Amino acid sequence: NAGVMQNPRHLVRRRGQEARLRCSPMKGHSHVYWYRQLPEEGLKFMVYLQKENIIDESGMPKERFSAEFPKEGPSILRIQQVVRGDSAAYFCASSTPGQGDTEAFFGQGTRLTVV
Amino acid sequence: QQQVKQSPQSLIVQKGGISIINCAYENTAFDYFPWYQQFPGKGPALLIAIRPDVSEKKEGRFTISFNKSAKQFSLHIMDSQPGDSATYFCAASITWRGSQGNLIFGKGTKLSVKP
Chain A
1 NAGVMQNPRH LVRRRGQEAR LRCSPMKGHS HVYWYRQLPE EGLKFMVYLQ
51 KENIIDESGM PKERFSAEFP KEGPSILRIQ QVVRGDSAAY FCASSTPGQG
101 DTEAFFGQGT RLTVV
Chain B
116 QQQVKQSPQS LIVQKGGISI INCAYENTAF DYFPWYQQFP GKGPALLIAI
166 RPDVSEKKEG RFTISFNKSA KQFSLHIMDS QPGDSATYFC AASITWRGSQ
216 GNLIFGKGTK LSVKP
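Chain order of the listed sequences is A and B.
Just so you know, the first sequence maps onto residues 1 to 115 in our numbering.
Just so you know, the second sequence maps onto residues 116 to 230 in our numbering.
Just to be clear, a hint being listed does not mean it is correct.
What the hints assert, rightly or not - Incomplete in silico selection of chain A near chain B, CB under 7 Å:
#1 P8
#2 G28
#3 H31
#4 Y48
#5 F65
#6 F91
#7 S95
#8 E103
#9 F106
#10 G107
Unchecked claim - What follows is a list of derived Cβ distance ranges for each label pair:
#11 R166(B) - R14(A): 17 to 27 Å
#12 V83(A) - E171(B): 42 to 52 Å
#13 K51(A) - T143(B): 45 to 55 Å
#14 R166(B) - S58(A): 18 to 28 Å
#15 E72(A) - N137(B): 20 to 30 Å
#16 R14(A) - S184(B): 44 to 54 Å
#17 G131(B) - Q80(A): 15 to 25 Å
#18 V83(A) - R176(B): 42 to 52 Å
#19 L38(A) - S227(B): 16 to 26 Å
What the hints assert, rightly or not - Here are the simulated DSSO-like pairs of lysine-lysine, each with C-alpha atoms no more than 27 Å apart in a straight line:
#20 K186(B) - K44(A)
#21 K130(B) - K173(B)
#22 K157(B) - K51(A)
#23 K62(A) - K222(B)
#24 K186(B) - K172(B)
#25 K229(B) - K173(B)
#26 K51(A) - K71(A)
#27 K27(A) - K51(A)
#28 K51(A) - K62(A)
#29 K120(B) - K229(B)
#30 K44(A) - K120(B)
#31 K229(B) - K44(A)
#32 K222(B) - K44(A)
#33 K120(B) - K186(B)
#34 K172(B) - K225(B)
#35 K183(B) - K229(B)
#36 K183(B) - K44(A)
#37 K225(B) - K173(B)
#38 K222(B) - K130(B)
#39 K172(B) - K44(A)
#40 K44(A) - K225(B)
Don't read these hints as lab results, they were simulated from the structure.
Treat the numbers as computed from the prediction; the structure is a model and nothing was measured.
Even for Gly, the Cβ is constructed at its ideal location relative to N, Cα and C.
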């Protein structure tokens, strides 16, 4: 059973370009969370999605950031017109609630560098 | 009120010693308190988690102590080993329909266990 898969592992973008980060949840998991981690900092919640539905986007910046989790395929975190301050590690986690286990499993992360 | 405060920022322990990391929270609605271990370049991995209806939970060398009235919880690592050297994060959330909800993370404690 493969874990949470994120790609790419490393992404370099120039200022103003778009960044697309992908997250394939664990098999059978229908909930995905995205977190951002700045160097030497804890993780900050961004968005919580079910398939085809955003449950909680209270941590998402109002502009340039969007996320989706379609019925088929991976969850995508999209950052338009990237700026240097977007440089961070982005982690997704997946879970399957309702089976008595609250745990969410994290992927290895995508390290975005904006140059 | 959404913060989780973690201390110390860094910790050096001799092999075989006890590592203790503390966290405090404000929001009494939190009902899930996990601890995560993160190695450089990796995603966080769940170590152990506790609900507020118990005061202590032990799994192997790892113990969570939970003080509901003081709104504090701590991680104890017994017989610390060099392989435990990592960054540890406490977190808290309000669970939602069996899901962990969005986790509020502490800023992390960098643990070094000296041989």
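The hints, checked one at a time:
Restraint check, P8(A) versus chain B: the minimum CB separation of about 14 Å is more than 7 Å; hint violated. Hint status for G28(A): violated, given a least beta-carbon distance of 14 Å to chain B, over 7 Å. A least Cβ separation of about 6 Å between H31(A) and chain B falls short of the 7 Å threshold, and the interface hint therefore holds. For the restraint placing Y48(A) at the interface with chain B, the shortest Cβ-Cβ distance is roughly 6 Å, inside the 7 Å limit, so the hint holds.
With its C-beta approaching chain B no nearer than about 15 Å, F65(A) sits outside the 7 Å limit, and its interface hint is violated. The beta carbon of F91(A) comes within 5 Å of a beta carbon in chain B, closer than 7 Å, and the hint placing it at the interface holds. For S95(A), the interface hint holds, the least distance from its beta-carbon to any beta-carbon of chain B being 6 Å, beneath 7 Å. Interface restraint check for E103(A): the shortest CB-CB distance to chain B comes to about 5 Å, inside 7 Å, so the restraint holds.
A least Cβ separation of about 4 Å between F106(A) and chain B falls short of the 7 Å threshold, and the interface hint therefore holds. Against a cut-off of 7 Å between C-beta atoms, the interface hint on G107(A) holds, since the closest Cβ of chain B lies about 5 Å away. The given range of 17 to 27 Å is broken by R166(B) and R14(A), whose C-beta atoms sit roughly 46 Å from each other. In this structure, V83(A) and E171(B) meet the distance hint of 42 to 52 Å, their C-beta atoms being roughly 46 Å apart.
Range check, K51(A) to T143(B): Cβ separation about 32 Å, and the 45 to 55 Å hint is violated. Taken as a hint, the range 18 to 28 Å holds for the pair R166(B) and S58(A), whose Cβ atoms sit roughly 23 Å apart. Between E72(A) and N137(B) the CB atoms are about 44 Å apart, so this pair departs from the stated range of 20 to 30 Å. Separation of R14(A) from S184(B) is about 53 Å and conforms to the stated range, judged on CB atoms against 44 to 54 Å.
In this structure, G131(B) and Q80(A) break the distance hint of 15 to 25 Å, their C-beta atoms being roughly 52 Å apart. Taking 42 to 52 Å as the suggested C-beta distance range, the pair V83(A) and R176(B) conforms, at roughly 43 Å. Restraint check, L38(A) to S227(B): a C-beta distance of roughly 22 Å satisfies the suggested window 16 to 26 Å. Restraint check for K186(B) and K44(A): satisfied, since their Cα atoms lie roughly 21 Å apart, inside the 27 Å limit.
With a C-alpha separation of about 20 Å, the suggested pairing of K130(B) with K173(B) holds against the 27 Å cut-off. Only pairs whose Cα atoms come within 27 Å are accepted, and K157(B) paired with K51(A) is accepted, the gap being roughly 26 Å. For a cut-off of 27 Å, the pair hint linking K62(A) to K222(B) stands: about 24 Å separates their Cα positions. At most 27 Å may separate the alpha-carbon atoms for a hinted pair to count; K186(B) and K172(B) meet this at roughly 16 Å.
Under the criterion of a C-alpha separation no larger than 27 Å, the hint pairing K229(B) with K173(B) is consistent with the structure, at around 24 Å. Restraint check for K51(A) and K71(A): the C-alpha separation of about 5 Å stays at or below 27 Å, so the hint holds. Among the hinted pairs, K27(A) with K51(A) is consistent with the structure: their alpha-carbon atoms are about 13 Å apart, no more than 27 Å. Of the pairs offered as hints, the one joining K51(A) and K62(A) holds, with about 21 Å between alpha carbons and a cut-off of 27 Å not exceeded.
Annotation: proposed proximity of K120(B) to K229(B) holds, straight-line Cα distance about 26 Å (limit 27 Å). Proposed proximity of K44(A) and K120(B) is supported: the alpha carbons are some 14 Å apart, at most 27 Å. Taking the CA atoms of K229(B) and K44(A), the gap is near 30 Å; set against the 27 Å cutoff, the hint is violated. Using a Cα cut-off of 27 Å, the hinted pair K222(B) and K44(A) holds, with the two alpha carbons roughly 10 Å apart.
Proposed proximity of K120(B) and K186(B) is supported: the alpha carbons are some 11 Å apart, at most 27 Å. The hinted pair formed by K172(B) and K225(B) meets the criterion: a straight-line CA distance of about 22 Å does not exceed 27 Å. Taken as a hint, the K183(B) and K229(B) pair is broken in the structure, with Cα atoms around 33 Å apart against an allowance of 27 Å. Only pairs whose Cα atoms come within 27 Å are accepted, and K183(B) paired with K44(A) is accepted, the gap being roughly 24 Å.
Restraint check: the Cα-Cα separation between K225(B) and K173(B) comes to about 21 Å, which is no more than 27 Å; the hinted pair holds. Taking the CA atoms of K222(B) and K130(B), the gap is near 24 Å; set against the 27 Å cutoff, the hint holds. For a cut-off of 27 Å, the pair hint linking K172(B) to K44(A) stands: about 26 Å separates their Cα positions. Of the supplied pair hints, the one linking K44(A) and K225(B) holds, its CA atoms being roughly 18 Å apart against a limit of 27 Å.
Hint compliance for this structure: hints 1, 2, 5, 11, 13, 15, 17, 31 and 35 are broken, all remaining hints hold.
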